[in-house]
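Peer 1: Listed in order, the protein sequences are those of chains A and U.
The opening position of the first sequence corresponds to residue 1 in the working numbering, with each subsequent residue numbered one higher.
The opening position of the second sequence corresponds to residue 1 in the working numbering, with each subsequent residue numbered one higher.
Honestly, the hints are just simulated from the structure, not real lab data.
Some hints could be false.
Cut-off 25 angstroms, straight-line C-alpha distance, at most; resulting in silico cross-link-like pairs (SDA-like, lysine to any residue) [stated by the list, open to error]:
id, chain 1, residue 1, chain 2, residue 2
1, A, K60, A, S42
2, U, K92, A, K60
3, U, K16, A, R12
4, A, K123, U, K84
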Amino acid sequence: MNIHQWDSNVKRISLEKDCEIYELAKKLDISPDSEALRNIISLGMDALHLGVQLEKTAKKLEETKEKLGSDLKEIAFQRIALESQSVGIRNQIVKSYRDNRALTMHLCTKGSRNEYERRMRDKFIQKYIIDSKLI
Amino acid sequence: MLTRNRSSKTKLSVPKDLYDAIGSQEKTVKLVKIGLLSLRVTLLEKEIADLSEKIEESKKRIAELPHEIESLQKLLTEATKDRKVLENLLDKKKVKQ
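Work out the full structure, taking the sequences as your base and the hints as a guide.
Peer 2: In structure tokens, the structure reads:
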């Protein structure tokens, strides 16, 4: 780091390209204005007593974040597989119910020969015409 | 806060009153570094909390899904059986006619 020039109301301090501050600011996507710098310095004053501990904490948190990210990816694969299976079966049910509804309506146009046929017809009317909106 | 010039150097633009209050370049740089680290720690804690929440949410859903799939499978099996009965009833009508 070198010292630099004074503009009217600003002191410029040059940092090397690979400077830690530059990397941190880049990671944090800090906007390049003096007001942001005031806030950062204010945070620095509040946390001054933490010093080296902050670096260790940040490193540990980076590792934890990386591990959790990898865990989440693995869990997401399991979830996607199960969700796809669920959606696939649900689609088959929708199609089956639609077909059964059409067959039931067709059946309604025919007369029933016996008690069994009447019972089945009523059951299917209830299930595929009256209650089918539940699916 | 940061600007870059053609020689690939990055510059901190510190308001003069702030620089004067701090007193030196070294102290200014140290405060900026600690401030950025403090902010980084806060953001990391937030990101970790978000990730943990997403993991818990997914675990909960993964535990629910097998039961949901089982219920759907039962419904599908019943609908398939019903279809056979319906087709059978309609075939009988055809034969009768």
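Peer 1: Would you mind marking each hint as holding or not holding in the structure?
Peer 2: Results for each hint:
Under the criterion of a C-alpha separation no larger than 25 angstroms, the hint pairing K60(A) with S42(A) is consistent with the structure, at around 24 angstroms. The suggested pairing of K92(U) with K60(A) is violated, with an alpha-carbon distance near 74 angstroms, which exceeds 25 angstroms. The straight-line distance between the Cα atoms of K16(U) and R12(A) is roughly 9 angstroms, inside the 25 angstroms bound, and the hint therefore holds. Between K123(A) and K84(U), the direct Cα distance comes to roughly 14 angstroms. Compliance with the 25 angstroms bound is thereby established for this hinted pair.
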